[in-house]
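Counting in our numbering, the sequence shown runs from 1 upward without gaps.
Worth flagging that the hints you see were computed from the coordinates, not collected in a lab. Incorrect hints may appear among the rest.
[To be verified] Here are the simulated DSS-like cross-link-like pairs (lysine-lysine), alpha carbons at most 30 Å apart as the crow flies:
1) K288 to K149
2) K46 to K288
3) K149 to K46
Predicted model only: the values in this text are computed from it and were never measured.
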Amino acid sequence: MGIQYYLNPNFDAIYKAEVWVDAATQVFFSLGPGFGVLLAYASYNKYHNNVYKDALLTSCINSATSFIAGFVIFSVLGYMAHTSGQNIEDVATEGPGLVFVVYPAAIATMPGSTFWALIFFMMLLTLGLDSSFGGSEAIITALSDEFPKIGRNREVFVAGLFSLYFVVGLASCTQGGFYFFQLLDRYAAGYSILVAVFFEAIAVSWIYGTNRFCEDIRDMIGFRPGKYWQVCWRFVAPLFLLFITVYGLIGYEPLSYEDYTYPRWANALGWCIAGSSVMMIPAVAIYKLCTTRGTLKERLRILTTPWRDQQVSVNGVTADATQVRLTDTKEASEV
């Protein structure tokens, strides 16, 4: 029953905006783009590591793992629906209710329930620790590289960071913890991560340049990415992210959990949480625009020109789209 339900999805849900936003967010959570985790891990790679192969292999393994995990989840849901005489729709719930209510209730009715419950919650513990390590490493690596003083006191900084995690996580252990979790799950990394990755795609593909980016990749792995990847980076990814974000905002509905509808102040708090993740993008842009010298047109040109191109125009360096080389001193003096 459960597997049949899993393999026959309801395609009417495609027209719901939240489904697209949740699906896109799930991809980011699974693969990690936009969170800084991949950049932090990549900083420890060798320079000529084959990232092309790693990207394809990781994406395929992630998709296959998610698909296979669906059989495990829905087989248990089907078993629960069969023993309780309910429909799958009534048993399956989203959010923490599935993990901490439905699944334990189903395991409790199985032979050897103690063993399966122990294995299940050990899996949850290891998954939670693994996810925390990845996200925390992104924060620690970024701040340590930017502020060497933090790197020299790494142990103290890590202790303070995880103490902050602990204090914030205490709210999830209260009687209203499910509602607090739903608030963070909806707003903390939904629209904000889509907006952040959209600007990241624009910065890499249009400001830094797809051609320059491909040449950097060739310098590392020995060959340029094909036209397919260039079109995706330059057009498909930004347009898709923009579409998902706008479509999700148009179809936005206030947050609710089961029969409870969150008050306006809770939704306002959620939007503040979402905005805090991306507010630095326009804030820094406005700050740099105000502090850079020149006319508005000159400031826009300077701020949208990669640093290397600025050095080319200032330091007597000859460059084309793919190469930067210093000119001969004698030739430079003659010019």
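We went through each hint and held it up to the structure:
no.	hint	verdict
1	K288 to K149	holds (25 Å)
2	K46 to K288	violated (34 Å)
3	K149 to K46	holds (25 Å)
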